Amino acid sequence: MKHFTRLALAGALAAATAGASMAQELYAPNLAYRTGPFAATGIPLMNGQADYMTLLNERDGGIGGAKIDFEECETGYSTEKGVECYEKTKGKAIVTQPWSTGITLQVLPKTNVDEIPILAPGYGFSPMMDGKTFQWAFNTPAGYWDAADMIIQYLESQGSLDGKTIAFLHLDHPYGKEPIPVLEQLAADKGFELSPIPVGLKEMQNQSAQWLQIRRMRPDYVVMWGWGAMNAGAITEAVKTKFPMENFLGVWWSGHDADLAIAGADAKGYKSISWSFPNMDAPVMKDIQSMVIDKGMSKTDETEMKGVFYSRGIVISAILAEGIRAAQAEYGTAEINAEQLRWGLEHIDMTEERIAELGLDGMVPPFKTSCANHTGHSGGWMLEWDGEKFVKVSDLLTPNVAGYQALAEEKAKEYADANAPWPVNEGCDAM
Amino acid sequence: MLYRTAGQFKTSYEADQALFPVKQDAFLLGFIMVLAWVIFPLTASEFTFQTLLIPILIYSLAALGLNILTGYAGQLSLGTAAFMGVGAYACYKMITIMPWMNPIIAILLSGVFSAGVGVAFGIPSLRIKGFYLAIATLAAQFFLVWLFEKWSWLYNDNASGAIQVPNLDIFGLYVSGPQADSIVQYYLVLFIVCLLTWVCINLTRGNLGRTWKATRDMDIAAELIGINLMKSKLTAFAISSYVVGVAGALFVFMWRGAAEPNLFDIPLSFRILFIAIIGGLGSILGNYLGAILIVGLPVVLNLVPEALGIPVSSSMVEHLNFMIVGGLIVFFLIVEPHGLAQLWRLLREKLILWPFPY
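These protein sequences, in sequence, are chains W and S.
For reference, each letter of the first sequence is one residue, going 1 to 431 in the numbering used here.
For reference, each letter of the second sequence is one residue, going 1 to 358 in the numbering used here.
Read the hints as simulated data drawn from the structure, not as lab findings.
As the structure is a prediction and not an experimental result, all values here were calculated from the model.
Heads up, some of the hints might be wrong.
As the list claims (entries may be wrong) - Heads up, simulated DSS-like pairs for lysine-lysine below, C-alpha to C-alpha not over 27 Å straight-line:
1) S:231 - W:413
2) W:268 - W:306
3) W:392 - W:368
4) W:67 - W:286
5) W:67 - W:242
6) S:93 - W:413
7) W:268 - W:242
8) W:242 - W:202
9) S:150 - W:202
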């Protein structure tokens, strides 16, 4: 019993001292997944995010004088753990990064009650772009519907799509189904035939049935919405069935270097749309190398650092940092709260100049968010695997948002109705 | 000393067969009830409600349902999660078709649907036993999860394929959905779990329970003494699936708030089977002890390094957690292969004699 009291005392003391040192800090937790089935993709993303925040703390003393406490809470990509982490951190957090569609689904309805912004860069529910309905959710700089539109745009630039067939290989999960409404709409407009081929969660590593179907169907293009083990599975199957790699394209989560490195030169020509690019010559990469990695404050390694996902992590943290800066400038205080950060995230203006100032040259396209537009629709580049790494093969593609604006509003309204009472931000003008 | 039974005389058969032949047991239960109904709700934080109290109760209820089938009637089932899914989807459909329906009634009714499905998949148990039956229930598991994915009517043709719990209220008090307070949800879950546990205790001590136990211990002998095996096995399937279905509805409506079909896949079935096995097959108390070990302990362990001020990365804690919980499971099963409930039973026997053992 005595021992237990001492233990409890030590705990209380630690909590108290931790509280004291928090005074000049901004608590921005990250629901990381360095363990579990998707750890291979999670680790580079988490390392990139953490390293950029460490850089800001080391080089600039944080943001606006306040250090960033970028604590990770491990979820292993499990929804149950994710909710546990959310509950644990929400008390003092200024932002939450849920990192999985499942966790986003759980956390999204709670945000109106808890009033904490969710930052889901490049993932989550596409209608979240309607900032009027989804006051607290941000999927900057681009959503899945943007990705679908940009991929089709790129394919169209290679020749008319009229009469062509596109196989849509996707994970049979909310994430994989997300772009279907927009792809169907585009198919009707452009006259191509879309045939969705679902891959069940249990079939991710063994897609022989799906690829047999693709071989029989002989589509002109295969577009993939894959995640985790599904990407490597699809790429190896494509190589095995001798599908022409240049006609095989993926969303940004299907462009992980390690997945392609397995197939190496055989996968040459595979493409992935992306709103981030690993520009090793960018000043920020050099700063991270000298001030974070060389000092032993990072968990990353050299190969990983050159990958697309690591640089995506950096871009995500840079977006969050810009949101924090905007809020600090508006409210004149370093220690902003969750509601002020929401304002900040609604007023990010990533112009070319600002990107250069931040040292992110060529790593992220310019974009601007507003109260009604929580995505920013930055657009992206088509990246191609050259056998060793990803290279840019297109100019900046910008999505034609007007094409699915109405759809987004309709789906957002559906969501709000299903979750009534759902407060809407009436202060916003229409998108 | 604490458990001294001296002076507690039984003067009738009824007193001898009572649920609590020893007074201290009743006191202990009363104490736990006070904890659950008064102390915990008054002191718990939002975090405790959402990660410890509510999930432990719901998992205990699901394990209780499985225990009736596997522990009492001896029919091994690997389809628990799918039956939970039936309950959850049934509740979702009832609530969306009839929004005026009282959520408590909807939750209690949703078990009826899973009971029906459970009986249908229980029919093979009349011919096959043991591992073969386990495979048959595995078929239910695969089939039902596939159905949740493909039958879009079940999730109202929602584009994401997931079900989202709406805000539901009873007389203006929100009980589910994001607007609901944790404490309200906790009391509702606690009420339903207590109610069903009470029913199950009485069922397993009564005629039906004895029939199940006879079927479990030797079905040929049971048949010879005049037990109708079909009735015995199918009632076990029906009641077990009912409880599991209600647990599934609570799981989604009172705790998760949203569910994708693959939530009800095999890992959940195994998790509940582990709770039942580690807690102790053929016991009611065991389900609660098992759920505390499997569901509650990892959450508590995650908090330890931070509370002590030890700087360990969150992913490291997760790895350690796996090792510690895994080690404990092996330890408990070696110390007492019949589960935690049996461990408590032995401890209680010792306590009655203590401090003067023979």
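Status of the hints after comparison with the structure:
{"no.": "1", "hint": "S:231 - W:413", "in the structure": "violated, 50 Å"}
{"no.": "2", "hint": "W:268 - W:306", "in the structure": "holds, 18 Å"}
{"no.": "3", "hint": "W:392 - W:368", "in the structure": "holds, 23 Å"}
{"no.": "4", "hint": "W:67 - W:286", "in the structure": "holds, 21 Å"}
{"no.": "5", "hint": "W:67 - W:242", "in the structure": "violated, 52 Å"}
{"no.": "6", "hint": "S:93 - W:413", "in the structure": "holds, 21 Å"}
{"no.": "7", "hint": "W:268 - W:242", "in the structure": "holds, 12 Å"}
{"no.": "8", "hint": "W:242 - W:202", "in the structure": "holds, 24 Å"}
{"no.": "9", "hint": "S:150 - W:202", "in the structure": "holds, 15 Å"}
Hint check: violations occur at hints 1 and 5; the rest are consistent with the structure.
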